[in-house]
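For the protein sequence lines, the chains are A and B, in the order given.
Okay, so the first sequence: first residue is 1 according to our numbering, each after it adds one.
Okay, so the second sequence: first residue is 1 according to our numbering, each after it adds one.
Hints listed in this document are in silico derivations from the structure and should not be mistaken for laboratory results.
These numbers come from a predicted model, not from an experiment.
Take these hints with a grain of salt, some might be off.
Incomplete in silico selection of chain A near chain B, CB under 7 Å [to be verified]:
no.	residue
1	R71
2	N84
3	L153
4	D215
5	Q292
6	V293
7	R296
8	V310
Here are some of the chain B residues that sit facing chain A, going by a computed Cβ distance under 8 Å [stated by the list, open to error]:
no.	residue
9	G50
10	V280
11	G290
According to the in silico footprint, chain A covers these stretches of chain B (three or more CB under 8 Å from chain A) [to be verified]:
no.	stretch
12	175-183
13	253-261
Built from N, CA and C at the ideal position, the CB exists for glycine as well.
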Amino acid sequence: MRTVVAGATSPATAGAAGNANGEWPAEGRRIHSCVAKGSSMKPLIEVNQISFSYGQGPSQSVAAFTDVSLRVYPGEYVAVIGQNGSGKSTLAKHLNGILTPTRGDVWVAGMNTKDASCKQQIRRCVGMVFQSPDNQLVATIVEDDVAFGLENLGVPPGEMQERIDEALEAVGMSEYRHRPPHFLSGGQKQRVAIAGILAMRPDCLVLDEATSMLDSFGRAEILAVVRRLNQQGMAIVTITHHMSEVAEADRVLVMHEGRVALEGTPRELFAHPDQLEALGLDVPEASRVAQQVHARIPAFRRDAISVEEVVAEVDRLAGSGGERRHG
Amino acid sequence: MGESNRGDILTVSNLHHTYLQGTPLAQPALFGVNLVIPAGSCVAIIGHTGSGKSTLIQHFNGLLRPQMGEVVVNGARLSNPQVDIRAIRQQVGLVFQNPEDQIFERLVGDDIAYGPLKQGIPLSEVVQRAKWAMGVVGLDFDEMKNRSTFAMSGGEKRKVALAGVLVLRPQILVLDEPTAGLDPRSRRDLLRRIRDLNRSEGLTVVFVSHNMEEVAYLADTVYVLAAGHIAFHGTPRELFGALDERPDLQVGAPPGVEILRALHSRGYHVDTTRFTVPEVAEEVAAAASGQRGPAAAAEPPSGDLSAPPTAWEGPAHRREPDGRHPHAHAEDRGDAHGR
Chain A
1 MRTVVAGATS PATAGAAGNA NGEWPAEGRR IHSCVAKGSS MKPLIEVNQI
51 SFSYGQGPSQ SVAAFTDVSL RVYPGEYVAV IGQNGSGKST LAKHLNGILT
101 PTRGDVWVAG MNTKDASCKQ QIRRCVGMVF QSPDNQLVAT IVEDDVAFGL
151 ENLGVPPGEM QERIDEALEA VGMSEYRHRP PHFLSGGQKQ RVAIAGILAM
201 RPDCLVLDEA TSMLDSFGRA EILAVVRRLN QQGMAIVTIT HHMSEVAEAD
251 RVLVMHEGRV ALEGTPRELF AHPDQLEALG LDVPEASRVA QQVHARIPAF
301 RRDAISVEEV VAEVDRLAGS GGERRHG
Chain B
1 MGESNRGDIL TVSNLHHTYL QGTPLAQPAL FGVNLVIPAG SCVAIIGHTG
51 SGKSTLIQHF NGLLRPQMGE VVVNGARLSN PQVDIRAIRQ QVGLVFQNPE
101 DQIFERLVGD DIAYGPLKQG IPLSEVVQRA KWAMGVVGLD FDEMKNRSTF
151 AMSGGEKRKV ALAGVLVLRP QILVLDEPTA GLDPRSRRDL LRRIRDLNRS
201 EGLTVVFVSH NMEEVAYLAD TVYVLAAGHI AFHGTPRELF GALDERPDLQ
251 VGAPPGVEIL RALHSRGYHV DTTRFTVPEV AEEVAAAASG QRGPAAAAEP
301 PSGDLSAPPT AWEGPAHRRE PDGRHPHAHA EDRGDAHGR
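When you get a sec, could you build the whole thing from the sequences and use the hints?
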């Protein structure tokens, strides 16, 4: 249906498997398992061949994307990457009905996002966190900001308090609850914005470049929160330019000129730096390091994609060498 | 004291700044900052959120004037109320964070040409300059000049805003987080173009960044601001090599340096001042082939070493091949969400 990177047949994977004599999990299978899962488990979000154009006056309209399909299953961690202008953010805004497609349909938990009567329920199911922390905070006290969405939903006060406590706890911001948000760091503000969404108890969290304005510490804070939420079963859709964040996902969609150009696991994608480069993207620095080390030491896996994996690979090779010396 | 070398295009000495000075809400932001920017250099200013970076760079073109201390740009003292601030702003081009928010014209070409037209530069020259500036940021003049600024992506708008500053042909380009929010190719392109401007055209570049890969690639000197003063000053190599001794700087490292630091802390004798990908790969290869330890005291690596791993044993948050998380099964999720 679409170009999917064939990890199993790539020379990269074959080389690594041959040399290290340890096989990577057959990544191709993960895609098939997703498809298989599709038949047994209902997708949380189903984007069905949608197109969207931004109107630009009567004569011109600019197509943001054409014929895009996407399914997000409960508990999945999906990353969407692509160049600026490839339609990622516009796609994200379709996932909870902020925008509705010009053609095709988006279904969220069985509700069509074009159905205005479902809007509130859809938004409760799929929450979004945007790029700029400052533009998302409305109240003068952290706690009130988290309460804002709940007030709009008409949640009773007792339950509201409970949900606020729970949400602030989940992002590790409980001790700041009585502070004004504008004195917080960028990462802390984004965590408050996430708490505001969590209080609505969504099934899916969509992050639209939520870390791009943060420093590395702020980014690490957000990633830790998101990882924990995902482990607790929340579906995550993250739109990002940071390839090291992409490495955390189960599945990656690469958008190019308004279409889904590639889809696969992070490891499959990063095994093909040339293809990514052609699409204006990149591989994580850790992955580039692994590939260069592999060129020197063939037993070193070239498909390590994170700092932790490179370090573990050094341990594996140096460690086993050490054992031989001692033995 | 305050003496400026003839090669220094911008010097800051003992600069202090307090927001809302003289009110009960006074908030000190800078305490005695000293820094020197030689003509033609590329200087990174880094530091944790709230460390005073933005306050500092707003002094570079006179948006903020020194309350105490001095800022000298090309020999002009900015503490002097009589200083020609228009001339300063022509010499120092400041590109804010999210400069795309400052685009106000309807067409790309108009927005870029706005500044030079206001300066009374003849139209034919403005067009030439606009072509050059758009070329520098990677926008095709003929294709983009009549595009609507409203229907552009964030990255494209960023380029338009940057071209709108370059078109004024400043001697010093000051950039606040130039690549935040850009995709990898746009980021790489922009960094390469900034580096070219710096290296071949001699433009002095000062940039604020959170991205250490960017600092490693671009900067020849790094200043680290912490709590309103300069806490470190040196080359990127010196900085990355000093991170272990200086946690107070609150500075991250590029992933390559993270790898070396992680190996170092596990007892491998790797050189943590190396930071480019080939350098890091060389150190990692040496460590992997047993030439760099690990020292006898190092913890044994986790997992069974004798058998080659059959599946990736990554960090705990990685999922099992079936897509499920090892410790969050479908039924648990159902409970958690009350379904």
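Subject >> Hints that the structure is at odds with (numbers, increasing) >> reply: Checked against the structure, the hints that fail are numbers 1, 3, while the rest are satisfied.
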